[in-house]
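Novice: Chain by chain, the residues:
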Amino acid sequence: MGTLPEPVEALLDAALVAELTVVDGHGRPVTYPLIPLYDGERIYMTSSTLFSRKLEHIKANPKVAVSITDPIAVGGRTDRATIQGDARVIEDDPHGGWERILPIWEKKEPAIVAFLKARVALPLFFERALIEVTPRRILHWSDGDAATTPVVTEAGRAAA
Amino acid sequence: MTTTASPAADDRRTPALDALDGLVRLTGYPHHVLSFVDGDGYPVNVAVVARIEPNARIATFDAPAGLPVPSDRPVSLTGSHIRPQPGYGYDERRHVTVWGSIAADPADGRLTLTADRAWGWDEAEVPFFEYSERSLGQSRRYFDALSAERGTPIRPKLSFGWLALRTTRLPFLSATIVPVILGIVIAASEGSFDLLSAVLTIIGAACVQLGLNVANDYFDTVQGADDLNVTPTQFSGGSRVIQYGLVSRRRVGMIAAGFYIAAAVVGLILLALRPSAALLVIGIVGIVVSLAYTAPPLKLVYRGLGEIAVAVGFGPLMLLGAYVVQTGGTVTTQALVASLPIALLVALILYVNEIPDRRGDARAGKRTLPVRFSKITVITGYRVTVAAAYAIVVVGVATGLLPLTALLALLTIPLALQVSRGLDPNYDNPYGLMAIMGVNIKVHLYAGLLLIGAYLAVLAISALAPTVDLFVG
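If you read the sequences in order, they're chains A and B. FYI, the numbering for the first sequence is 1 to 160, going by my numbering. FYI, the numbering for the second sequence is 1001 to 1473, going by my numbering.
Chain A on its own, in the form it takes in the complex (with noise of 0.2 Å):
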């Protein structure tokens, strides 16, 4: 049993896409549509090198949200979930470090493994860093509708 509930576990292992927003400099909200590897206890995100500015948000402010909303990425499921945590960018070896998270990304990008092999073609895109988010706080809409108050649960007691 992870540290989510039930059905927003079920969508992260589900979606395959998501959105990351970070806060930038000026405080606005940056939103970055993402793949989200969930592994039963934090949520995992790749950046590639290339576009890796929300890292440095990040790294300046850890406070970000993962939400799922497209109904076309989870298989038809029609609720709908915000994590708000605290993301953490781990970099030691932007080579290969991310790699220890591509058995879960593989089960939701088959494709991506045989990509990696031709990475000599891009080399850059290869070249990551990974997002690490630790939820706090869950906001889970179960039919999906914003107009529902959407039920509020703080990391870990789910799983309590």
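Everything labelled a hint here was simulated from the structure, so no lab data went into it. Since this is a predicted model, take the numbers as computed values, not measurements. Check before you lean on any hint, since a few could be wrong.
[Said to hold, decoys possible] Heads up, simulated BS3-like pairs for lysine-lysine below, C-alpha to C-alpha not over 27 Å straight-line:
id : chain 1 : residue 1 : chain 2 : residue 2
1  : A       : Lys-117   : B       : Lys-1442
2  : A       : Lys-117   : A       : Lys-107
3  : B       : Lys-1157  : A       : Lys-117
4  : A       : Lys-63    : A       : Lys-108
5  : B       : Lys-1375  : B       : Lys-1299
6  : B       : Lys-1442  : B       : Lys-1375
7  : A       : Lys-59    : B       : Lys-1375
Take the given structure of chain A and dock chain B to it, following the hints.
Specialist: Here is chain B on its own, set in the frame of chain A:
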């Protein structure tokens, strides 16, 4: 004379957009993600369906229940169509975010976002590979910051094998192998063959080309052409190892020098083994043309002379050099004629590969033929030149300068037609042109191999049936 470079197309930038453009794009998404920063400083995302009025610069939507949206700080709406295709990835990737300030309607509580800026990407407008190339500066900043943080240089990496392959552009070595082996086989068909000098010739010639490939990256970087090119492909735009931070410019220069020194040493050994004034001249001219291709002061490719330099270097010079090493004699008309179709076809490899590079080349002052001439002129130039290559084969056979079996080279005409037909629809699409560039390389390779086969047939028949003559007349 007209230029085909299009400033309008070059000025495309991602992801900067103005607010109006952002709102127009936002109308194309079925739902929107409202994002704001809550009182605890955490972002909040909630899906809403906004009514977008681009001309009024606003978007309106119902306030989300239980989530007070602040009116004193920036708020955004994001539309995303990163459409997952289970099993292989994502397609039709596009997303847009519009920022603005929020005001609530006191009557019904409906919220209005007044847009002031936007940001986004649509791969239909800027293909992913181009987007990546345009983002190289961000990657450089990332590694510079990480290096400063760690107090030691951190750089992108590739395994040695892949890096060597990429840096030297080894697969292009067919441009050397074909004429050199053809020269050796022609000499053999005339009764002259020495294995050691043949192997040394191949090694020396390969070193010249690898030196050229690497030096080309060095000088194109020094002169800005490779940095300005945001649409490189696997066949064009250089190896990119300097731009990607995989190898320093200084090291690339040293590698190029190393190949040229190796080529010179092999050339001296060959001269010692097979003394020949013709070989000395061909060797010196070959290295000079190779260096002058991109290096100042001549910079032949920057002056629209690159195609001629490549034709001469990878046609007559390579073939005749290999030929005279074997024969120890002088250049013959027969060998010279055999080199001409190869010369034209190899020049056409460069010519077609320059098409996707033309905008970056134009900005760097590299006046290649596709930079200088209009699309129709460039395509016509291809057709005339490739037809000339085949015509030389036919005339060469008809005049007895080439063996009858050389007509086998005409089997590549369907491939050439494929290239000819593919140029027009893909002229402005570098990534669509990639397949055409690949076929164009095959035209040279296969035609060259068939000519080699033609002379091997001469060799075989002269051994098996000496009375049969494969030359007309």
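Novice: All hints, please: hold or fail.
Specialist: Against the structure, the hints:
Annotation: proposed proximity of A:Lys-117 to B:Lys-1442 holds, straight-line Cα distance about 25 Å (limit 27 Å). Restraint check for A:Lys-117 and A:Lys-107: satisfied, since their Cα atoms lie roughly 17 Å apart, inside the 27 Å limit. At roughly 14 Å between alpha-carbon atoms, B:Lys-1157 and A:Lys-117 fall within 27 Å of each other, so this suggested pair holds. Proposed proximity of A:Lys-63 and A:Lys-108 is supported: the alpha carbons are some 26 Å apart, at most 27 Å.
Proximity of B:Lys-1375 to B:Lys-1299 is assessed by CA-CA distance (about 24 Å); at most 27 Å being required, the pair is judged to hold. Only pairs whose Cα atoms come within 27 Å are accepted, and B:Lys-1442 paired with B:Lys-1375 is accepted, the gap being roughly 23 Å. Between A:Lys-59 and B:Lys-1375 the CA atoms are separated by roughly 48 Å; this puts the pair beyond 27 Å, and the hint is violated.
Of the hints listed earlier, the one the structure fails to meet is number 7.
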